[in-house]
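Engineer: Under UniProt numbering, residues 1 to 343 are what the sequence shown spells out, in order.
None of these hints come from the bench; they were simulated from the model.
One or more hints might be untrue.
[Claimed, not checked] With a Cα cut of at most 30 Å, we get these calculated DSBU-like pairs of lysine-lysine:
#, residue 1, residue 2
1, K314, K73
2, K122, K73
3, K73, K323
4, K323, K48
5, K48, K212
6, K48, K73
7, K212, K73
8, K323, K212
9, K48, K122
[What the hints assert, rightly or not] Simulated restraints, written as ranges between beta carbons of each label pair:
#, residue 1, residue 2, range
10, A170, D203, 19 to 27 Å
11, E141, K212, 20 to 28 Å
12, K48, D169, 30 to 38 Å
13, Q226, D203, 20 to 28 Å
14, G232, C317, 42 to 50 Å
15, D203, E328, 20 to 28 Å
16, I335, A144, 27 to 35 Å
Ideal placement from N, C-alpha and C gives every residue a C-beta, glycine not left out.
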Amino acid sequence: MSSSGNAYAAEPAYPILAHTLLSSHTPTSRIPEQPEKSDQSSIWNLRKDIEEAFEGPSSVFRCGRVIGFSRLKKRAQEDDDHDFIGQLPRYLLAKHLRNTPSSPQPKAFIIHPPTFDPFSPKQLLTSLLASPATPPLSRNEAIALLDHVQLLPVFDFRAAVQAISQVADALQSASVSTGEGEREDKPTRTLLLIAGLDTLTEDIIRASNPVKGAAALTAALRTLTQLSRAHGSNLAVMLVNTRGLGPAPGFRPGTGAGAGVERQQSRVDLRVPVEDEGVHSMFHAETSTPLLPSLLMRTLDQGIDTHVLVSMVKEDCIVEVIKDRVGEGVGRWCIWDENSVNV
């Protein structure tokens, strides 16, 4: 056998002094130590995404997707639950109204039950006036911004579906008129906020069964997904869920207290393994209860691209991304304080 084919016939490597390795690696390993820490913070900190919402393709809150906002159901009995879940979407709306150029088309459509107060004109005006942005808005300027918001109050699920169709027609008409014009300006960015679609679905469940309610909700969510994809970078859809995630406080399947919607859903949902729900919160893992225990909640989550959970941890309000189907935002979080972020 020739020496050319023998691996042991190779010449030994030249010796290298140990101090040369130490001197060549120590400085380079220590210099970038501080920047690496800041980069790690940017990976999980959601505050930058809130500050850059709808302004670019890298933010968790960007156009072309359906974004859901939910709270834990254990807050359902508290008086401020609607305002609690509505604060961040209202802030993002105020930011959008301030930063989007004027246009004859509405900048935002809001579909909501009349009893949902966080998106009322009074609350929206207060949010615009109280924003810490500079320069501050005058009352007349804030009212002028609200003229670009179209409110669509609905009383039931069917009315909500009709309102979604109405918004789709308005967006289509706006895109056609922009395409026929001679200007090459890009279309106005629009927000579509829908509050309480999960609660409105409960009426269908009470009148029939959870399967029929889930089917109706699936159809509506599919329409919203198609709408967000069709208008791409010009439309963001935000769902504000008023029902809450997780089981109701003190609820046990099969008891008399579970009558109604929860009881009907438990009969169907007990056939689905808890492990299959796939959505978790790193701040509430100790509860050992699924966030999506019912068919209604799982159906709602399936129609959402990015799911944001707003919850209280001790004395702090935590905003956490628990699902991001089209990005890498899962696990990002921050302590949310509406008065500490600039619009």
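Engineer: Compare the structure with each hint and give your call.
Structural biologist: How the hints compare with the structure:
{"no.": "1", "hint": "K314 to K73", "in the structure": "16 Å, holds"}
{"no.": "2", "hint": "K122 to K73", "in the structure": "27 Å, holds"}
{"no.": "3", "hint": "K73 to K323", "in the structure": "18 Å, holds"}
{"no.": "4", "hint": "K323 to K48", "in the structure": "18 Å, holds"}
{"no.": "5", "hint": "K48 to K212", "in the structure": "40 Å, violated"}
{"no.": "6", "hint": "K48 to K73", "in the structure": "28 Å, holds"}
{"no.": "7", "hint": "K212 to K73", "in the structure": "23 Å, holds"}
{"no.": "8", "hint": "K323 to K212", "in the structure": "26 Å, holds"}
{"no.": "9", "hint": "K48 to K122", "in the structure": "28 Å, holds"}
{"no.": "10", "hint": "A170 to D203: 19 to 27 Å", "in the structure": "26 Å, holds"}
{"no.": "11", "hint": "E141 to K212: 20 to 28 Å", "in the structure": "47 Å, violated"}
{"no.": "12", "hint": "K48 to D169: 30 to 38 Å", "in the structure": "36 Å, holds"}
{"no.": "13", "hint": "Q226 to D203: 20 to 28 Å", "in the structure": "24 Å, holds"}
{"no.": "14", "hint": "G232 to C317: 42 to 50 Å", "in the structure": "32 Å, violated"}
{"no.": "15", "hint": "D203 to E328: 20 to 28 Å", "in the structure": "37 Å, violated"}
{"no.": "16", "hint": "I335 to A144: 27 to 35 Å", "in the structure": "33 Å, holds"}
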